[in-house]
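Colleague: Heads up: the protein sequence lines correspond to chains A and B, in order. According to this note's numbering, the first sequence holds residues 418 to 709 in order. According to this note's numbering, the second sequence holds residues 4 to 414 in order.
A couple of the hints might just be wrong.
[What the hints assert, rightly or not] Below are the DSSO-like pairs computed for lysine-lysine, each with C-alpha atoms no more than 30 Å apart in a straight line:
id : chain 1 : residue 1 : chain 2 : residue 2
1  : B       : K90       : B       : K324
2  : B       : K172      : A       : K476
3  : B       : K123      : A       : K476
4  : B       : K172      : B       : K123
5  : A       : K476      : B       : K79
6  : A       : K503      : A       : K698
7  : B       : K370      : B       : K90
FYI, nobody ran anything at the bench for these hints, they're computed from the structure. All figures in this text were calculated on a predicted structure; none of them were measured in a lab.
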Amino acid sequence: MSGILPQLLFSGLAIGCIYGLVGLGFIQVYNAVGLTNFAQGEFVMLGAYLFVSAVVIWKAPFWVGFLFLLVGMAVIGFLFTRGVYKPTYKAGRFAFLLASVGLSMALQDLVVLIWGPVPLYMPRLVSESSFNIGNVFINPQHIIIIGSTILLLIIQYLIFQKTPLGKMMRATAQDQFAATLSGIKVPLMIIFTFVNSSILAGIAGFLVGPVFSVTPSMGASAMLKGFVGCTIGGWGSIPGAVLGGILVGIIEIFSSFYISSAYKDAIVFLVLILFLLFKPKGIFGETVSEKV
Amino acid sequence: MRNKNMFLRFIVGVLLISFVLTAGCSAQTQTEQPVETEPNAVETPEETQPVEETKLEPIKIGVITEITGVQAVAGKAAQESINQYVKELNANGGLLGREVVVLYEDDQSAQTVAVNAFNKLVLEDKVAAILGPLYSTHCLAIKPRAEELGFPWLAMGLNDRIGTEDDPKWTFQGRTSDAYTPTLVLNFLEEQGKHNPAIMYIGDDFGIDGKDKFVKLLDERGWTVATIEAMQTGDKDFTAQILSIRASGADSIIAWLHQEEAGLFLRQLEEQGVDKKQIPVIGNSSFLGAGVTDIAGQSAVGTYVISGTAPMLQNPEWSQKFFDEYGANPDFLAADSLDGFATIVRAIELAGTTDPESVRQGFLSIKDWIGPFNFAHTFGTAESPQHGVFSSIIVTYDENLQTEFVAQVTK
């Protein structure tokens, strides 16, 4: 049956873009504060629920729903910074890690309490059905996911490279002490970083919701795969996070078809272990010397 | 330092893969492992004997269900249907002239928590009987503890090991088990002239055992298996599996999934051009779950489903009452939970008392009892004493996404 390879590539790319967006959120927080936020997957889930609430439950137009999502995720990012990061960052990495893990569990149950456990349907931006090009069936939502990821990356690049705010956030990520000496309000930059990563996760939820359905557990898998993507791509590298996520999506789908669908997750993690053993910096990881 | 970093990263990687294999992959229940117990629990059958009770004391019945976790949709359905039933039961005089009180325990969609919930209900709450979870994985985890304590309970999982393995005495099974359902499915496919199915299963106790039974039966019939594909709970994209099915030349698809995956699978089948008129799909009862038609939409039309309960068809009056109270139609989870609870009530009624051995005998005394959804329950058969239900209904979704009767099938 012809068309298998392009079909696998296209679907793997779309799913990988979601992992890449989640990974991008991870990296931004990691670069800024040296910590990994394990509630990032639940932020994906919250973004989807916010949009569904606005558009499906309250019957608001799409653009209102999207705006509600952006504002809502910004607020969540801010609350997370104040409520989780601020109380724990001085206590060390494990305190923050445990707090974020605990928050992820609490958020899943909170969502069940508020919205119930039944999966919710998120309407699509475009036509419901797929179309085919030869033997390849194209899901329009997958095109939106890929296109949106590219657009978000461009926006992120422009923000971080061309705007004063972005430069200040980069300076904070490179060296908080030096940034403080330069007059940059580091705590404010950290808030912006968390808000930005929260919004990115929410947008990932908005993109993936129509394809997967909206459930309290939808973020968990994305979080794990995004984390793996960051490790493969190289912690600290923004292009690495995205490309690592895409690679995970492609490995997952190819191994499912060509090797075994029962063990596709194990194969992805086997690749992770191989990277940790032979290329622990990841594909684009940078060597960072530690002060002694 | 470099070696230490590498070693630490290796450990992290191993931990991650262990996490996936234990939590994300098939949850094979290790029944030979020691079961966690309450810190102060005394593990003797004598602990399960009820204290002296007066006739005015309410009868407590425990329900272990998934109120939180990935399978929380089951818990919501169970609570709604059982609460409604108990309200009516108590309004009509209760059970043995006593009020019935339901004690819910959340198993958090996790095996160890399910076992702890069972311990609490038996040892602390002193319930008369327990309705177990709807998921086989959790039922298989509870079973050794129930047998050890000598306490009667009704498991609602479908895996036939629940009611047969290790010759259980106290574990009863309230739904048509996978000892029979695969045969009924293949009989149905044979009537359709299909002999080369693909199997798509979910990688937990329920799915793996179902798949193994289908493979064995197909081999016995001399049919071919076009391909066998798996997914895990929480998986969202099935492009690879569906491509494999398309490439295999399958003339039908047997899908043994849970409900969220069922909805997504149906939708993605259509998106990838699989025509259900050419390649019929028959799924397990999960395909009647709440949310499946929301997720699948028109992709669900023409899907066949084999289920113990299809409440809108089997008991329209009750379904209407459920809708009036909760604003949504009941699904198979609500119906199965209610049927299981009603079976426990019947067993206690026949026992005439609430001591564990009498309740156990009460279960075994149930013969040709017609439950709320108009099918017979018979326990204590020579072939399969712990199983109580041997029939299923096959339905399909019509153009309006309503269930349409196709056939009533019996072992």
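Colleague: Now, for every hint given, state plainly whether the structure supports it.
Modeller: Cross-check of the supplied hints:
Between B:K90 and B:K324 the alpha-carbon distance is near 13 Å, which keeps this suggested pair within the 30 Å criterion. Of the pairs offered as hints, the one joining B:K172 and A:K476 is violated, with about 54 Å between alpha carbons and a cut-off of 30 Å exceeded. Between B:K123 and A:K476, the direct Cα distance comes to roughly 44 Å. Violation of the 30 Å bound is thereby established for this hinted pair. Restraint check for B:K172 and B:K123: the C-alpha separation of about 21 Å stays at or below 30 Å, so the hint holds.
The hinted pair formed by A:K476 and B:K79 meets the criterion: a straight-line CA distance of about 25 Å does not exceed 30 Å. For a cut-off of 30 Å, the pair hint linking A:K503 to A:K698 stands: about 29 Å separates their Cα positions. Restraint check for B:K370 and B:K90: the C-alpha separation of about 26 Å stays at or below 30 Å, so the hint holds.
In summary, the numbered hints that this structure violates are 2 and 3.
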